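J.: Residues per chain are reported as follows:
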Amino acid sequence: MQRITRREFVKRTAVTSAAFTSLPAILAACGTSTGTSNKPSKLVIAAVKGNEDAPLKKVVGKYKSETGITMEVVEFPYDQLFEKLVTTFQANGSSYDLCMMDDPWMPKFGTMGALQPLDSNFGFTRDSDIPTVVYDVGTWPPPHGPVPPTEQGKTQHLYGITIVGNVEMFMYRKDKSDAPKSWDDVLSNAAKYNAANFYGYVIRGKATNPVSSDSLPILWSFGGNIFDDNWKVQLDTPASIDAVTFLTRSLKKYAEPGAENTDAADRSRLMAIGQAYQSTVWPGEITDIVEDPSVSQVKGKVAYIPIPQGKSGKGLGMMGNWLLGIPKGSKNGSAAADFIKWMLKTDNMRNYVANGGIPIRKSILNDSSLASANPYFQALAQSFDAVPNWRPRTDQWNAVETSYGTAMNAAVAGQMSPQAAMQKAAGEIRTTMKAANYPS
Amino acid sequence: MSRLVAEIPAPTGTEPVRAGRRRRGRQERLAYMILLPALGTVFVIVTIPFVIAVFQSISSDDGTLIGLSNYGRALSNPLLYEALRATGFYALIVLPTEILLGLAFALLVHRTVRRPGLRATLYVLAVLPLVVPPVAVGVVARLIYAPGYGVLNYLLQSAGITHSEIQWLGVPILAMGSVATVDIWQWTPFVYLVLFAGLQTVPRESVEAAQVDGATWWTQFIYIELHYLWPLFLLILFFRTADVLRVFDHVFILTGGGPGTTTQLLSLYMYRIEFKFFDAGQAAALAVLVLVSISILYALVTRALPLERA
Amino acid sequence: MRRRRRRSAAVWARVALITVGLAVAGLLYAFPLYWLVVTSLKSKAELYTSITLFPRSLTLESYGNVLIDSGFWMLLRNSVIVCLSTVIVTIAVGLVITYPLTRLPVPPRLRVGVLNWALSLRFLPPIAVVIPYFAIVRTLQIYDQPIALIGIYSLFNLPFAIWMLKGFLAEIPLEVEEVALVDGANRWTAFLRVLLPLAAPGIMAAGIIVFTFAWSEFLFALILTATPNAQTFPVGVQGLVTQFAIIWNQMAAAGVIAMSVPLVLMVVARKYMVAGLTFGVIREK
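Chains as they are written, first to last, in this note's numbering: chain L, 1 to 440; chain S, 1001 to 1310; chain R, 2001 to 2285.
Any given hint could be a false lead.
[As the list claims (entries may be wrong)] Here are the in silico distance ranges between beta carbons for each label pair:
1) R:Thr2059 <-> L:Asp228: 53 to 59 Å
2) R:Thr2049 <-> S:His1163: 51 to 57 Å
3) S:Ser1069 <-> R:Pro2201: 32 to 38 Å
[Unchecked claim] Computed list of chain L residues with no C-beta within reach of chain R, every gap over 12 Å:
4) Lys49
5) Val74
6) Leu85
7) Ala91
8) Asn194
9) Asn225
10) Thr237
11) Gln309
12) Thr346
13) Lys362
[As the list claims (entries may be wrong)] Chain L is nowhere near these chain R residues, computed Cβ spacing over 10 Å in every case:
14) Ala2010
15) Val2011
16) Ala2023
17) Pro2055
18) Ile2068
19) Leu2076
20) Val2112
21) Asp2144
22) Pro2173
23) Leu2240
24) Arg2270
No wet-lab data here; the hints were simulated from the structure. From a predicted model like this one, the values you see are computed outputs, not experimental measurements. Every residue, glycine too, gets a C-beta built ideally from N, C-alpha and C.
Full structure from sequences and hints, please.
T.: Next up, the structure:
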């Protein structure tokens, strides 16, 4: 065997380890997609996993057969989708061509400048068959209500189009009673129908977003609020504390055990297996669970109405629209915009509804031929007409919701009194807003 | 190969001493030529994140230097202390439980199980939980503790022990307990394996001598075996403390830090600052603080470890 | 006679106590695993009834849902790519570092220093590292690329590899290589033809254990990936714990898949597992 020098040995060691270390790069390269072209063969959508994106996944096959473009739907649980989108935008990644966004995220993405404007770049205009509020919610800076200090003076653009026309509503067992007109009726019905293994009211009390969504319509209907028009925190006002006391003390008496850990899936499951009388509800839970004969024992026994009136004399629903937007990092902007336009076409939206989608076109919501299959359409149309509230339009919303939703959760769990919880949340939110240079 | 070994000529005396020393020097140089580039690269790769963290921690999002204000915010956040308390509490539950249970099993098996086949089976069974991904363990735990579909409540109620659902993940103390049981399930076998191996090193003669002298189960443990196990306790404590500081996966899946912030351990807290509040400055300050304090801790405890070094 | 009987009663009591204790421990140990597997075999309809300890019918539908409908086979593929690459890098770099430490005369202080330093890396909390590492990933534009994971996994597994390989290499007598050197081979061939085959079982074991560690990793994968382009399997598992849908059977099925790979590998490398976890203090003879 030929003898080699020590230097040669070092060199070979180096070469070998270099070869080894570069191997993963080669392996990894096999996994990555190839470069971009004008006509992409594939568009990637970041979506929220659940019944919000299930209909979307069902219709993309049709899009592929019409255009040849594969739509890859990448799913995340709710909280993580937001974190993932912000992280991806920060990394300026081109991972996503389209993203599904919950409407309270608009401010963060608008402030970051993370999205491509749909109106000026891709020629989107308002359609009179679609409620104005749907366009407003996708516009940044917000067309009405308080505008964050950093955003004042920016030109308004449309950044997102709703594909899930969610508005928070109310459901109750119509086989047992008439519709509650006010939250007082809700409470008295809860007391009346509460029984062993049948809960008078279901609180979706899981920390952060779930309990925040569940409680805000009550907070608003009682005249409470998170901010006033000048970004002053209102959570520790008597009206707000009153609303929180109503939910976490009065209604809690008739609520399911473990309300502090109940999320939407648990709530609609309780309703579906006939163990609950009433609760708030998102349209997405209805067709997929409560009215799905394969899992529900109460199909046809539940009615859907707009949020009942509170002490303020109003019943305020909450917007929870899911929008489609196009990230700045996407290299396939116009192809992505074509897909959104395709989704909005009346025929395609009907097909989307047939697959369980929640429409935004008034003509579809008011189509009586669809009403029996979709018992909530009328209530949803009414909710849109009444112009539901939206969550505060600030890029600090995620932090605000975390503070509010954590304190609410503690109040639901009985760890804190409503007053102490709201004072804690208000204090934290004031600190957050002050650090972000909002007027205090 | 063994034949080759047997043919080795005795190295001493066949070579002049001076030549040997020169050869040694050449070999040492060779060692450095291989080591230094590799170590240097790894060292740089390890150090870069730390340097970046330090830089991020003293600058704002747009890169301007702002001094130590991020550290001020990090240290004045009451949630940090809640997280530290939760982490300490978690450690106080899991470490003693795992060590005591692991010790009990190790002694029991060591004293009562003689068949090698059974010992081997127990060994495999003990290794098993250690390799289950924590994410999967988190899923199992959800299936057990979750409200509504958790099987534990079902079992308790069918057995007539309880009559209403217990909120394992909703009541603060129970949530912490639930999260801790997952850790105990997964890591007690580790303690068992280490201590069991330690018990095998106890010389049979001293045990037999003690038994002749009338040592009981207990005195045999206290006066003989404990002596051999002592360094291993330190080792277990060392590795498990490192693990507790990095616990993330199963808590993230099981409670996400809730209810409230009860189970928000240090890792989850830092995750929340960086990826929920997107406060990169404060998160970087926390990262630097944690890295520095752990280095100090490491330097203090590492000397006591029974690791072979030279 | 009487005394003996009493004594045997005490023995019986002790045996009974131990048996009960072991039975309880065995149940606590095994039930979670049983429940995971059983849940994964339930149909969707069964989830909406009250809980059944023994499923009424067994079906593999959830596995199909997870792997094919949800497209998780892509994540499995990523996991395999990332883990294999991590093993290769870690073992290669580990050998480059441990070879001189064990086979060549180096000052003990250097040796101890390197080992100590490697051990200290074991103590780094991943979350503290991922925060700055994310900035690097952003700068290098490798976000959502497997290479980002391979890099950080290799780094975090290197201390372990160094300690394990050190143990295995040190066990092989220096003379073995020297004979080859005297026979005219150079260091490189001696390493390749003599040392490597002798150390192969140990290297294999170290590789398998690195593989299982990388396979289980979740935090980095969660943060550094965005699409099935780079997401690993644990990220997918976690994603099944969702807001609305009741898919516990799929959740369980994903859990079963996630744990089956390391379990199978462990059958091969079980002897070395404890050595790996204790950095070689505990070694199977």
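J.: None of the hints should be skipped; say for each whether it holds.
T.: Each hint tested on the structure:
Range check, Thr2059 (chain R) to Asp228 (chain L): Cβ separation about 55 Å, and the 53 to 59 Å hint holds. One distance hint, 51 to 57 Å for the beta-carbon pair Thr2049 (chain R) and His1163 (chain S), is violated here, with the actual separation near 21 Å. Restraint check, Ser1069 (chain S) to Pro2201 (chain R): a C-beta distance of roughly 55 Å breaks the suggested window 32 to 38 Å. Consistency note on Lys49 (chain L): stated as away from chain R, yet its beta-carbon is not over 12 Å from all of that chain's, at 5 Å minimum.
For Val74 (chain L), the non-interface assignment is contradicted: its Cβ lies about 5 Å from the closest Cβ of chain R, within the 12 Å cut-off. A beta-carbon of chain R is positioned within 12 Å of the beta-carbon of Leu85 (chain L); the least distance is around 9 Å. Its closest Cβ contact with chain R, about 4 Å, brings Ala91 (chain L) to no more than 12 Å, contrary to its assignment away from the interface. Look at Asn194 (chain L): its CB is around 20 Å from the nearest CB on chain R, clear of 12 Å, so calling it non-interface holds up.
For Asn225 (chain L), the non-interface assignment is confirmed: its Cβ lies about 25 Å from the closest Cβ of chain R, beyond the 12 Å cut-off. Here Thr237 (chain L) stays apart from chain R, with its beta-carbon at least about 31 Å from theirs, past the 12 Å limit. For Gln309 (chain L), the requirement that its beta carbon stay farther than 12 Å from each beta carbon of chain R is met, with the minimum near 28 Å. Every Cβ of chain R is farther than 12 Å from the Cβ of Thr346 (chain L); the closest lies at roughly 27 Å, confirming the non-interface assignment.
The Cβ of Lys362 (chain L) sits about 26 Å from the closest Cβ of chain R, beyond the 12 Å cut-off, so the non-interface label holds. Residue placement check: Ala2010 (chain R) keeps its beta carbon more than 10 Å from all beta carbons of chain L (closest about 46 Å). Chain L leaves Val2011 (chain R) outside its interface by the beta-carbon criterion, the shortest separation being 47 Å against a cut-off of 10 Å. Ala2023 (chain R), annotated as away from the interface, keeps every beta carbon of chain L farther than 10 Å; the closest lies near 31 Å.
At roughly 17 Å, the least C-beta separation between Pro2055 (chain R) and chain L is larger than 10 Å, which holds for a residue marked as non-interface. Listed as a non-interface residue, Ile2068 (chain R) keeps its Cβ farther than 10 Å from every Cβ of chain L; the least gap is roughly 13 Å. Even its closest Cβ contact with chain L, about 12 Å, leaves Leu2076 (chain R) beyond 10 Å, as expected for a residue assigned away from the interface. The non-interface label for Val2112 (chain R) is consistent with chain L: the shortest C-beta to C-beta separation is roughly 23 Å, beyond 10 Å.
The Cβ of Asp2144 (chain R) sits about 5 Å from the closest Cβ of chain L, inside the 10 Å cut-off, so the non-interface label is violated. Interface exclusion of Pro2173 (chain R) from chain L stands, the closest Cβ pair being 21 Å apart, more than 10 Å. For Leu2240 (chain R), the shortest C-beta to C-beta distance to chain L comes to about 8 Å, within the 10 Å cut-off, and the non-interface label is violated. Even its closest Cβ contact with chain L, about 26 Å, leaves Arg2270 (chain R) beyond 10 Å, as expected for a residue assigned away from the interface.
Taken one by one, the earlier hints fail for this structure at numbers 2, 3, 4, 5, 6, 7, 21, 23, listed in ascending order.
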